[in-house]
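Based on the hints, put chain Y in the right spot on chain C.
Quick mapping for you: the protein sequence lines, in order, are chains C and Y. In terms of our numbering, the first sequence opens at residue 1 and continues consecutively. In terms of our numbering, the second sequence opens at residue 1 and continues consecutively.
These aren't lab readings, by the way, just hints derived from the structure by calculation. Treat the hints with caution; some may be incorrect.
[Claimed, not checked] These stretches of chain C come out as covered by chain Y in the derived footprint (C-beta under 8 Å, 3 or more residues):
#1 275-282
#2 373-382
[Unchecked claim] As a list, the in silico SDA-like pairs of lysine to any residue whose alpha-carbon atoms are at most 25 Å apart:
#3 C:K335 to C:D353
#4 Y:K73 to C:D302
#5 Y:K26 to C:P81
#6 C:K381 to C:K411
#7 Y:K26 to C:R85
#8 Y:K27 to C:Y49
#9 Y:K26 to Y:G307
#10 C:K278 to Y:K408
#11 C:K278 to Y:K26
#12 C:K70 to Y:G307
#13 Y:K73 to C:P81
#14 Y:K73 to C:M26
#15 C:K70 to Y:R136
#16 Y:K73 to C:L312
#17 C:K277 to Y:L32
[As the list claims (entries may be wrong)] Ranges of calculated distance between the beta carbons of each label pair, as one might list FRET restraints:
#18 C:K70 to Y:S312: 22 to 28 Å
#19 C:D64 to Y:F231: 31 to 37 Å
#20 Y:Q273 to C:Q300: 46 to 52 Å
#21 Y:V59 to C:L24: 39 to 45 Å
#22 C:K271 to Y:E169: 40 to 46 Å
#23 Y:K386 to C:K271: 25 to 31 Å
#24 Y:P86 to C:Q407: 38 to 44 Å
#25 Y:G307 to C:P81: 34 to 40 Å
#26 C:P81 to Y:I360: 29 to 35 Å
Glycine residues also receive a C-beta, built at the ideal position from the N, C-alpha and C atoms.
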Amino acid sequence: MENGTLNHGVDTGSTITIKGILSLLMQNIEEQTSKKRVISLGMGDPSAYSCFHTTHVAQEAVVDALQSDKFNGYAPTVGLPQTRRAIAEYLSRDLPYKLSSDDVFITSGCTQAIDVSLAMLAHPGANILLPRPGFPIYELCAGFRHLEVRYIDLLPDKGWEVDLDAVDVLADQNTVALVVINPGNPCGNVYSFEHLKKIAETAKKNKILIIADEVYGHLAFGKNPFVPMGVFGSEVPVLTLGSLSKRWIVPGWRLGWFVTSDPSGMYREPKTVERIKKYFDILGGPATFIQAAVPRILEQTDEAFFKKTINLLEHASDILCDTIKEIPCITCPLKPEGSMAIMVKLNISLLEDISDDIDFCFKLAKEESVVILPGTAVGLKNWVRITFAVDSSFLEEGLRRTKSFCQRHAKQLLRY
Amino acid sequence: MERWNFGANREVMIAPSGTTVRGVLKKIMENLDKDDPSRPTVPLGHGDPSPFPCFRTTVLAEDAIVDAVRSAKFNSYPPTMLGLLPARRAIADYLSHDLPYTLTPDDVFLTMGCAQAIEVTIRVLACLGANILLPRPCFPSYGAHASSNNLEVRYFDLIPEKGWEVDIESIEALADENTGAMMVIINPGNPCGSVYTHQQLKKIAETARKLGILVVADEVYHHLTFGTNPFVPMGVFGSIVPVLTLGSISKRWLVPGWRLGWLVTSDPNGILQKTKVVDCIINLLNLISHPPTFIQGAVPHILEKTGDDFFSKIIDILREAAHICYDRIMEIPCITCPNKPVGSMFVMVKLNPSLLEDIIDDMDFCLKLAKEDSVIVLPGVALGMKNWLRITFAVEPSALEDGLGRIKAFCQRHAKKH
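Chain C with its partners taken away, still in its complex shape (with noise of 0.2 Å):
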């Protein structure tokens, strides 16, 4: 038992969260009473935006399953068993292998997956390999389990990709996992196969396992196709992390899977599942309809829905980098391959007066009315996460005015 007072994740200054820096920097904006329209570059949710909304498969999915009056009780706590074969069905549509419905947990978003993850595998010592730059969650979650966190660098010169050499060195018989993103948040990076293969066998040698959060699964428009980490499950246990929330832009739903994708069974070790089991009967799982809507959604969502994304996605990414390329002190290391988000590089010494990534995002919010992510609060300093899931009038508009923001703060050339 631990002793002492239990800080962890309370100090109120370490807790970093997305939506805490993006309010603090709305905030600035409201303090200003500025006359522009507020452009929000800075969240991963396109539901506000009238080009980005779900399909009408999924929402009358839901109101029948609400009204018919079968699903207002509870349901089993690791999820409807429709819901988990819907899911492992999904799932195995790119596997190699079969999931069982036994294999899939349903949780709220996969934020809970994150946490359940988490949770099973944290004990005393233990620590854990997370992306940097990555999702601060990860952080926040590891923080309230008492695991230690190690930081893998994502390459930015080499289209993000994991630094598996870093891998080799921070792990020890004390590491339990490795999260890889992909589609990558913040990076907008798709791994290749490849790649994907290398990870695995890195995280074999060292013998820990992977954490998969596919939460952008097939979100994906460049030259690299999504695969899915559990293609690799029978060399490495991957648990994969997933939602209905990205894919089918709604976040507000709370509908998400933590999956065991390990066909040798190293996870269907019968303590294991008892633990994984007796841990969801303490939580609370989403709503029943919700869950008894996912059949119907996953099978009855029709292509051109996933098409009509994907296009708007890959038309904004399109715009984002042509504009930034017009920004000299932002460059692009790569164009975004997939997900709503992208990495890019502010050169400071090209600015006057701006000190760093956050003083840049702070005045840029303050003048312009525009709101961006800066890259500490995913652990890169003096970079910028811009999400371009977004109706395109607004994107434009966010980027112009934040190239006019950059030729304002620009360093005075010298003349001779």
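Quick look at chain Y alone, frame taken from chain C:
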């Protein structure tokens, strides 16, 4: 098999060793005789009346959600993880009806059902390094979350002979300067079916204040009372002692599957704010999940527009069911009921195994009852009281009669021959 760094044999930090109601019921239900289709199972073990037609929620609530879904305005993340402002305001107003002061939206945090409110409460206490006092018998989720978070628990007694009153002396005996950051009071009572008086609650509040601990008031069964004692929220005594009020729409609206609950600071002196408990709650809520945005969106309509006729109807059915339950139990020699239930959906009854042949204890009783008569009840050991049973009466009255009849027959069959 290769050795990996993770695995079930490693000593784990998150080792949920506590029981949950669902966990225990699962075990009992495994004992059901699946080859007997002639007799439907009578579920008198859990607190979920929603499968029964007489316990249908109000159409008004369903329509509010349908409208929210179809508006397509609630598919996004809510602006804050603490809950949509209109929902928090509506809950603040709803709860303030029964309080001598007004709650503000800032006092209200939305959770996925009362279950998550319990999780947050325990995890917050664990963060602050405190420990807790729980009643015995108690709803087991408190203990399960406590063990999952390495939080020490001490139990105080509820006195069956005195309407399941809190044994104030046992609380005072448990507390010293290192113990008792909080005590949990479940009112209306689960599992006991009791409803505390204003006087009893005041005494509890004063005791907590004397010991310098806060009160967690689990009021998930708020307003589900049908005896002489009306429901009095612990928040009424919020100026005597800080109160964390837990609740949800699950029981009063019969929709436990919707997962819409709340954690509320009933603390007009702002002590929970000053002692950083509120900060801790907010930090935790920022990283765990929240109720679906469209359900939050429907909350104001549900709370403001549901008519008293719906509530009265449900209370009448529960009252009738409670009577049936009590009367039938009185006819069974090996079971005694110290207090007629006057609230919630449950009654705790005492089993006398010595009057039964080859039944060792409450768990054995429940396992055999499931197998032989397809009736599910919860063994008291799950709640900290061995050789007691918790029986749910929130089922269709005909199913209740059937189930209690089968229990009586089971007891007769197993009665010791003299």
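Results of checking the hints against the structure:
| no. | hint | in the structure |
| --- | --- | --- |
| 1 | 275-282 | holds (count 5) |
| 2 | 373-382 | violated (count 0) |
| 3 | C:K335 to C:D353 | violated (29 Å) |
| 4 | Y:K73 to C:D302 | holds (22 Å) |
| 5 | Y:K26 to C:P81 | holds (15 Å) |
| 6 | C:K381 to C:K411 | holds (20 Å) |
| 7 | Y:K26 to C:R85 | holds (20 Å) |
| 8 | Y:K27 to C:Y49 | violated (48 Å) |
| 9 | Y:K26 to Y:G307 | violated (36 Å) |
| 10 | C:K278 to Y:K408 | violated (33 Å) |
| 11 | C:K278 to Y:K26 | holds (11 Å) |
| 12 | C:K70 to Y:G307 | holds (23 Å) |
| 13 | Y:K73 to C:P81 | violated (30 Å) |
| 14 | Y:K73 to C:M26 | holds (21 Å) |
| 15 | C:K70 to Y:R136 | violated (34 Å) |
| 16 | Y:K73 to C:L312 | holds (20 Å) |
| 17 | C:K277 to Y:L32 | holds (21 Å) |
| 18 | C:K70 to Y:S312: 22 to 28 Å | holds (26 Å) |
| 19 | C:D64 to Y:F231: 31 to 37 Å | holds (36 Å) |
| 20 | Y:Q273 to C:Q300: 46 to 52 Å | holds (49 Å) |
| 21 | Y:V59 to C:L24: 39 to 45 Å | holds (43 Å) |
| 22 | C:K271 to Y:E169: 40 to 46 Å | holds (42 Å) |
| 23 | Y:K386 to C:K271: 25 to 31 Å | holds (27 Å) |
| 24 | Y:P86 to C:Q407: 38 to 44 Å | holds (42 Å) |
| 25 | Y:G307 to C:P81: 34 to 40 Å | holds (36 Å) |
| 26 | C:P81 to Y:I360: 29 to 35 Å | holds (34 Å) |
Hint check: violations occur at hints 2, 3, 8, 9, 10, 13 and 15; the rest are consistent with the structure.
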